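Colleague: Protein chains in written order, with the numbering used here: chain A, 1 to 274; chain B, 1001 to 1404.
Because the hints were derived from the structure by calculation, they are not lab data.
Check the hints yourself; a few may be wrong.
To be verified - Residues of chain B clear of chain A, computed beta-carbon distances all greater than 10 Å:
| # | residue |
| --- | --- |
| 1 | Arg1017 |
| 2 | Pro1024 |
| 3 | Thr1049 |
| 4 | Leu1083 |
| 5 | Ala1127 |
| 6 | Val1138 |
| 7 | Pro1164 |
| 8 | Asp1167 |
| 9 | Gly1168 |
| 10 | Gln1246 |
| 11 | Gln1301 |
| 12 | Ser1368 |
What the hints assert, rightly or not - Across the chosen pairs, the derived CB separations fall in these ranges:
| # | chain 1 | residue 1 | chain 2 | residue 2 | range |
| --- | --- | --- | --- | --- | --- |
| 13 | A | Glu262 | B | Gly1092 | 30 to 38 Å |
| 14 | A | Glu65 | B | Gly1351 | 30 to 38 Å |
| 15 | A | Leu50 | B | Pro1214 | 34 to 42 Å |
To be verified - Only some residues are given here: those of chain B computed to face chain A with a beta carbon under 10 Å:
| # | residue |
| --- | --- |
| 16 | Val1042 |
| 17 | Ile1205 |
| 18 | Leu1220 |
| 19 | Leu1225 |
| 20 | Ser1352 |
Note that this is a predicted model, so its numbers are computed, not measured.
All C-beta atoms in this analysis are idealised placements derived from N, C-alpha and C, irrespective of residue type, glycine included.
Chain by chain, the residues:
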Amino acid sequence: MISTQRIGRGAYLASCTLIFAFLIAPILVIVPLSFNAEPYFTFTEGMLRLDAEAYSLRWYRQIIENELWTRGLVNSLIIGIASTALATALGTIAALGLSSPAMPGRRIAMALLISPMVTPVIISAAGMFFFYSALGLAQTHIGLILSHAALGTPFVVITVTATLSAFDTNLTRAAASLGASPFLTFRRVQLPIIAPGVISGALFAFATSFDEVVVVLFMGGIEQRTIPRQMWAGIREQISPTILAVATFLIAFAVLLLLTVEWLRRRAAAPQTD
Amino acid sequence: MDSNTNIKTTILSPRLRATGLMLPLLAFIAITFIAPLALMLVHSVYDPTVANALPETLNLLREWDGKSAPDEAVYAAAARELLNARQDRSLGRVATRVNRVHPGLRSVFTRSARGLQNVREGLYRDAMIGLNPAWGNVQTWYAIRSAGDRFTARHYLNALDLQPLPDGSIARQPPERRIYLSLLWRTFIVSLSITAICLLLGYPIAHLIAHSPPRIANLLLILVLVPFWTSLLVRTTSWIVLLQTQGVINDLLVTIGLIGDDDRLAMIYNMTGTVVAMTHVLLPFMILPLYSIMRAIPPTQMSAAASLGANSFQAFWRVYWPQTLPGVGAGSLLVFILAIGYYITPALVGGSTGQLISNMIAYHMQTSLNWSLAGALGGILLVCVIALYLLYDRIVGIDRMRLG
Chain A
1 MISTQRIGRG AYLASCTLIF AFLIAPILVI VPLSFNAEPY FTFTEGMLRL DAEAYSLRWY
61 RQIIENELWT RGLVNSLIIG IASTALATAL GTIAALGLSS PAMPGRRIAM ALLISPMVTP
121 VIISAAGMFF FYSALGLAQT HIGLILSHAA LGTPFVVITV TATLSAFDTN LTRAAASLGA
181 SPFLTFRRVQ LPIIAPGVIS GALFAFATSF DEVVVVLFMG GIEQRTIPRQ MWAGIREQIS
241 PTILAVATFL IAFAVLLLLT VEWLRRRAAA PQTD
Chain B
1001 MDSNTNIKTT ILSPRLRATG LMLPLLAFIA ITFIAPLALM LVHSVYDPTV ANALPETLNL
1061 LREWDGKSAP DEAVYAAAAR ELLNARQDRS LGRVATRVNR VHPGLRSVFT RSARGLQNVR
1121 EGLYRDAMIG LNPAWGNVQT WYAIRSAGDR FTARHYLNAL DLQPLPDGSI ARQPPERRIY
1181 LSLLWRTFIV SLSITAICLL LGYPIAHLIA HSPPRIANLL LILVLVPFWT SLLVRTTSWI
1241 VLLQTQGVIN DLLVTIGLIG DDDRLAMIYN MTGTVVAMTH VLLPFMILPL YSIMRAIPPT
1301 QMSAAASLGA NSFQAFWRVY WPQTLPGVGA GSLLVFILAI GYYITPALVG GSTGQLISNM
1361 IAYHMQTSLN WSLAGALGGI LLVCVIALYL LYDRIVGIDR MRLG
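Next comes chain A alone, as it looks inside the complex (with noise of 0.2 Å):
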């Protein structure tokens, strides 16, 4: 009986252990084969010996040289702080509203405010690029700062709604009571409590923008082109080993983010003693 527990347990663990190889593996796979000597995809016999020489940085020198993704880079960045500042504003600013119990028909516009989340991109494309063709809006960075801006919003409306549910009201009254405007009782009490649900919520935003191909793709002209729309050409065209370089630098980037945001999680969950 007990040993039958015992495989049944090893079992699982084992299964798990596959699991977790396969979520990390692939990501994993990538960082060394970015060092590749060689214009190759998979290991040589010398990284398998992990002979120097077999290594070479020679594809991350390649990024820095090439233009396009020096260029790509900037876009990427203008219109990810561009949208991502947009979308947070207008994101918490409705959150809040959202909180508010006197809010009327709360769930249908929450279903509205969230749906850019679950459209289809290859749908909003498509949309978009009707819409901002027609207001001569194409192949500009604004057209794609507010494409991203509205498919960055329910990520902030969602962390900001989140933080606000364990917000004490109790505090804004307490502040009103003493003569506190409004606005002096957002700034001073209510946005240091849920500043890590906004800050959270703008990161999730910048990385929807920063990874977005498909809008970019519709809409996006040889000026705006980004780094993922760079990627894309690269993978279908020809694909060398600078990709794996850059997809090395986002994945350093991804986790760098994703501590972050974990590290407000934490803060914003602990107890707020003092």
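Following the hints, put chain B in place on chain A, whose structure we already have.
Modeller: Below, chain B alone, put in the same frame as chain A:
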């Protein structure tokens, strides 16, 4: 005075203030997101190209009995309007629209318009039939009349492998043109399979994380969140590197002698590639809702069940599993919703056999330039997603959606 305004702000305005706070974003989403979707739907039913180019012809065709070729007046109007269309460069678009109703008519239009320049006067009917016998064909005029409708359900019918017949009835497309229903069906089946695989893989992982000591749980959770945060394009690239014929896994299998160098496995650029890569991308969306439900189930329940004589399977099936159903529902619905609209991964690793409905929408948007059909396919997909989204709201509640 002061206390008066205070009462106003605290008692009278909360409703208004809450609405006022939400309105800017609602307006922003309405303009930047809902309006584009609406425009796409308009494109799927409304196309004035032919109606604008051939108004007189269409007007005369309304009186036409439809049994034999129309009379001279129709030909004269058509000839004049085709020449005009050629002059203002809209002929190509008009020809394309008519061609969609009746394949083969594009060249009839463009060539005849060129030939018509030399016809000075006289009987246009004979002249046009002389230029191309298709002009004497009843089907050609049916096609023009049909393409002349500003509003049409044709593209939706087309997206469902149906076609309107000249007598107003609806028939199935000829077998060689029936592609969309089977593609929709394939998308549905593939999404369902991916959801099932995600549940199968995600359930034990969520269970392990939920019932580990906090320190280990946090570490394991990071292992789930790293892929969640990593760029989709990066993850797709990883699978290309792993699965391609000269890739890491095939190399490994050849090195250890499991397969010969000549029969490397085709694991990518086909449906296998799509399913594997999409499962990897969507798995965190299954694990996270399951984990948040499981975390709330006290492990002592299982010991209680065991002490009451249940074996571990009974304890799991009768005590644990029913309590996780909300998480199973939330995760499965979310994964399924995301899967049926997936575009990027199938486009990059699906090859020709691993394409889903979204890829067909992209094809009509970018390659065939049949935007109306793209809009109709998008409309059908959108209806499916909205239905599932409302179901999700019903079962889980949209306001209970959490990230990570």
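Colleague: Which numbered hints does this structure break?
Modeller: Those not satisfied are hints 1, 2, 10, 13, 20.
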